[in-house]
Amino acid sequence: MNDIITQAVHIIQLDWVQKAFWTVLLVLATSLVSRVTSRALRHLLNQDSNPLPSSSIIINIARTTIWVVGASIVLDGIFGINANAIITTLGVGGIAISLGFQDTLSNLIGGLQVTFMGIVKPGDNIEVGAESGVVQDVSWRHTTIRDILGQTVIIPNSIISKTALVHLLPASRVVVPFAVPHAAGADGDAPTVTCDTDQIATKLGGIALAAANSVCTVVEGPRVLFSEITEFGIKGKIIFVLEDASKTSLAADAVVRAIAREI
18 MNDIITQAVH IIQLDWVQKA FWTVLLVLAT SLVSRVTSRA LRHLLNQDSN
68 PLPSSSIIIN IARTTIWVVG ASIVLDGIFG INANAIITTL GVGGIAISLG
118 FQDTLSNLIG GLQVTFMGIV KPGDNIEVGA ESGVVQDVSW RHTTIRDILG
168 QTVIIPNSII SKTALVHLLP ASRVVVPFAV PHAAGADGDA PTVTCDTDQI
218 ATKLGGIALA AANSVCTVVE GPRVLFSEIT EFGIKGKIIF VLEDASKTSL
268 AADAVVRAIA REI
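According to this note's numbering, the sequence shown holds residues 18 to 280 in order.
Honestly, I wouldn't trust all of these hints.
Calculated cross-link-like contacts (lysine-lysine; reagent style DSS-like; alpha-carbon spacing at most 25 Å) [claimed, not checked]: (1) LYS179 with LYS138; (2) LYS264 with LYS254; (3) LYS220 with LYS179; (4) LYS138 with LYS264; (5) LYS264 with LYS220; (6) LYS220 with LYS252.
Per label pair, the in silico range of CB-to-CB distance [to be verified]: (7) GLU260 with ASP215: 47 to 55 Å; (8) THR82 with ALA37: 20 to 28 Å; (9) GLY140 with TRP39: 41 to 49 Å; (10) LEU185 with ALA277: 22 to 30 Å; (11) LYS179 with ILE78: 19 to 27 Å; (12) GLN153 with PHE243: 32 to 40 Å; (13) ARG274 with GLU245: 17 to 25 Å; (14) ASP215 with LEU61: 45 to 53 Å; (15) VAL236 with VAL183: 38 to 46 Å; (16) PHE96 with LEU61: 48 to 56 Å; (17) PRO194 with TRP84: 48 to 56 Å; (18) THR82 with THR234: 37 to 45 Å.
These aren't lab readings, by the way, just hints derived from the structure by calculation.
Glycine included, C-beta positions come from ideal geometry on N, C-alpha and C.
Required output: the full structure, derived from the provided sequences and hints.
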């Protein structure tokens, strides 16, 4: 028994065993700090009072910083390797590295620009070139949006920073055009309108509200706006905002069907 204890103590006292032990301990501690920091940042970034967007690029920068600090402690404190010397060595080959990772650096810088300048943030409805949709996330390499068909579109950050970007109206906003036909006049006279515009607006607004609420909760509207009078009738549009942007197509379909039944 004494021999086993002696051998165990001897093994523990070995230099490489102690280095391995402290390395594992520091790596676990760094991982724990990284996870706690990530969760704390997600909680803070999702608060309404937070001025910064809740993009993952901010969390990724914080995690990278923590791991770099942890690696520096391990190299310098356990293995006696000067981290500054490594950074200096990397700096010598920085030009070659930057040339090899031009696209990556361009996307990273573009992501930092659009994030910290508040140009794009999750929830924005944007149009970049031929692509449009609601921003899901901005990472260190690309921005993810979801289009009207529910497809996920990935756009490199460098393209967003260099291409004309349009902030569209909220994706939860629904616009349904309509046309109320004229009623035929008596004995072949010119067509006439059977009720005034206020009555039309009230009736169509009630129909649209009931139909849209059957699909998703309406948080704003509906507003009924008239645009023109033609020989075929009165044209206009019904505007309302839903609680869930993914239900806009279904709500518009329900409103159109309900109005068509009445007209």
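Each hint tested on the structure:
1. Pair hint LYS179 plus LYS138 holds up; C-alpha atoms about 17 Å apart against a cutoff of 25 Å.
2. Our distance criterion of 25 Å between C-alpha atoms is met by LYS264 and LYS254, whose separation comes to about 19 Å.
3. Between the alpha carbons of LYS220 and LYS179 the distance comes to roughly 47 Å, so the proposed pair goes past 25 Å and is violated.
4. The hinted pair formed by LYS138 and LYS264 meets the criterion: a straight-line CA distance of about 21 Å does not exceed 25 Å.
5. In summary, the hint linking LYS264 to LYS220 is supported, as the alpha carbons are separated by about 23 Å, within the 25 Å threshold.
6. Our distance criterion of 25 Å between C-alpha atoms is met by LYS220 and LYS252, whose separation comes to about 15 Å.
7. For the pair GLU260 and ASP215, the supplied restraint of 47 to 55 Å is violated, since their beta-carbon distance comes to about 28 Å.
8. Under the hint 20 to 28 Å, the C-beta atoms of THR82 and ALA37, about 25 Å apart, fit the expected range.
9. Between GLY140 and TRP39 the C-beta distance comes to about 45 Å, which sits within the given range of 41 to 49 Å.
10. LEU185 and ALA277 have their C-beta atoms about 27 Å apart, which keeps the hinted 22 to 30 Å range intact.
11. A beta carbon spacing of about 22 Å between LYS179 and ILE78 agrees with the range 19 to 27 Å that was offered as a hint.
12. Checked against the given bound of 32 to 40 Å, the beta carbons of GLN153 and PHE243, roughly 37 Å apart, stay inside it.
13. For the hinted restraint 17 to 25 Å between ARG274 and GLU245, the CB-CB distance of approximately 24 Å keeps it satisfied.
14. Distance hint check for ASP215 and LEU61: the Cβ-Cβ separation is about 49 Å, which falls inside the suggested range of 45 to 53 Å.
15. Checked against the hint of 38 to 46 Å, the C-beta distance between VAL236 and VAL183 comes to roughly 24 Å, which is inconsistent with it.
16. Between PHE96 and LEU61 the beta carbon distance is about 35 Å. The supplied range of 48 to 56 Å is therefore violated.
17. A beta carbon spacing of about 54 Å between PRO194 and TRP84 agrees with the range 48 to 56 Å that was offered as a hint.
18. Checked against the given bound of 37 to 45 Å, the beta carbons of THR82 and THR234, roughly 42 Å apart, stay inside it.
In the structure shown, a violation is registered for the earlier hints numbered 3, 7, 15, 16, in ascending order.
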